[in-house]
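First to last, the protein sequences are chains C and G.
Those letters in the first sequence? Residues 1372 to 1479, per this note's numbering, in order.
Those letters in the second sequence? Residues 88 to 483, per this note's numbering, in order.
Simulated from the structure, these hints should not be mistaken for laboratory data.
Treat each hint with caution, since some may be false.
[What the hints assert, rightly or not] Cross-link-like lysine-lysine pairs, in silico, BS3-like; alpha carbons within 25 Å at most:
#: 1; chain 1: G; residue 1: Lys426; chain 2: C; residue 2: Lys1410
#: 2; chain 1: C; residue 1: Lys1410; chain 2: G; residue 2: Lys423
#: 3; chain 1: C; residue 1: Lys1410; chain 2: G; residue 2: Lys467
#: 4; chain 1: G; residue 1: Lys379; chain 2: G; residue 2: Lys423
#: 5; chain 1: G; residue 1: Lys240; chain 2: C; residue 2: Lys1437
#: 6; chain 1: G; residue 1: Lys423; chain 2: G; residue 2: Lys184
#: 7; chain 1: C; residue 1: Lys1422; chain 2: G; residue 2: Lys240
The model shown is predicted, which means the values in this text are computed figures rather than measured ones.
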Amino acid sequence: MKPSSGAGVVLIFLLLAFNVQVLAEVSPDRQAALRHLLKQDCGSCHGMTLKGGLGPALTKNEIMHKPKQLLLTTILDGRRGTPMPPFRGLLTEEEVNWLVELLYQGDI
Amino acid sequence: MPNRNRLLRCVKPLIMISCLGLTACATLRGTGDMGVVIERATGSVQIVETSSRSRLGQVTGLGDLSHASIVYSRDERYAYVFGRDGGLSQIDILQGKLVKRVIQSGNSIGGAISQDGRLLAVSNYTPGGIKVFDTQSLELLVDIPATYGNEGKRSKVVGLVDAPGQKFVFSLYDAGEIWVADLTEPAKPQIQKFIKVGNQPYDGLITEDGRFYIAGLFGEDGLAMLDMWNLDKGVKRILNGYGRGEQKLPVYKMPHLEGWAMAGDYAFLPSVGHHEVLVVDRHTWQQKKSIKVHGQPVFVMARPDGRQVWINFAYPLNDTVQVVDTKTMQIIKTLKPGKAVLHMEFTPRGEEVWVSSRDDDRVLVYDTRTFEQRSSLEMKNPSGIFFTSRAHRIGL
């Protein structure tokens, strides 16, 4: 399945949205839930300490040289040919933004 | 810690039995009704017993236990814990304490114990391969790198099981290969490689008679099967193209094949990307039917008598457990044990099942006949549940 033009539009939207204050848009309750998701559920493939497993490591050192939009689209739409599933529909784009920032800050 | 003390009180007489005689032996116990539950987030385990459904003690300091698994020594006294961080820990469940611990790799996924109980094999992601250890000393005996292709690349290893004849069988996720290693002479492993078995084998299992090794494939709809009695015949593809014509759904947690569900003439397997359990004829290895279930199945486990199959599911539908009657092939019960149900384990003869609810911090015990809840035990983020009866089962 090729990425649709709709996904491209979404990507542009995300890139625009990313420049605004995204961190403030996720409520404290959701932040706690997202941290939990990252550690426990993402952790089932990426390791609970995010040092990697079946999926690659997501520690700050591993991802700091990767473009943020790559991480954003990977989380939202998954990655073809790998077990990485899409989280669109389960997480909002703001929430994914927040998660990516968290990973970049290594604040996990 | 009162639980720990209770355990120690039980154990002391055992240790001192030779000098004290039998006066204090009211609390002397065996381990056949014992087990270990992983507390994945705190690097600890709970030692439990199933006769009165209680916790006996906690052992801490075991590292990153996400995706941790356990095998037992053949005397059912020692539990070997394989941690995600490459830690291999030996726990004395009678004394409730850590005996030895080594860090054997950077990133590990599971392990197996040999037929004779002398060897432990650990499968590793980084660096990819298996390492074999002495069960007594935890000394490294041999390192088998999972090297494939012409460039010396190493593959992540999954689906490691023991097989009769001092063998270990495992799959190479990145390479799409299945290897059979004969460790009769641990220093000189004899390895037979089966290449091009399929795309992305994600886990494997061996039937309880040790005859068929089956690897699930993530990259395609099918499974790769090796007949251990006829290795010269090579790997055969089974259930090729299952779920054809249906849209493939996202998989938020890899299914596990360890809980081999055999019931009468049929085997029950998790589908990947379809919310179905596949029913396979054990003689022809053809698909008999598929059973629509609540979500992406993770564990599909048969009660020891084979009359029921219990299924748990991947995120985000992981608050549910379903039970299939293997006679009618119908779902007969849907339970909601709690948030993030990660694992289930039957008591040795299957009258009860223990179910871990990670996000509710508890393990629930159900009567498998009436589905009534018998008990609820508090634990911190429980995941895998492992009873000592595994010690005497091939492939576990």
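Indices of hints not satisfied (ascending): Checked against the structure, the only hint that fails is number 6, while the rest are satisfied.
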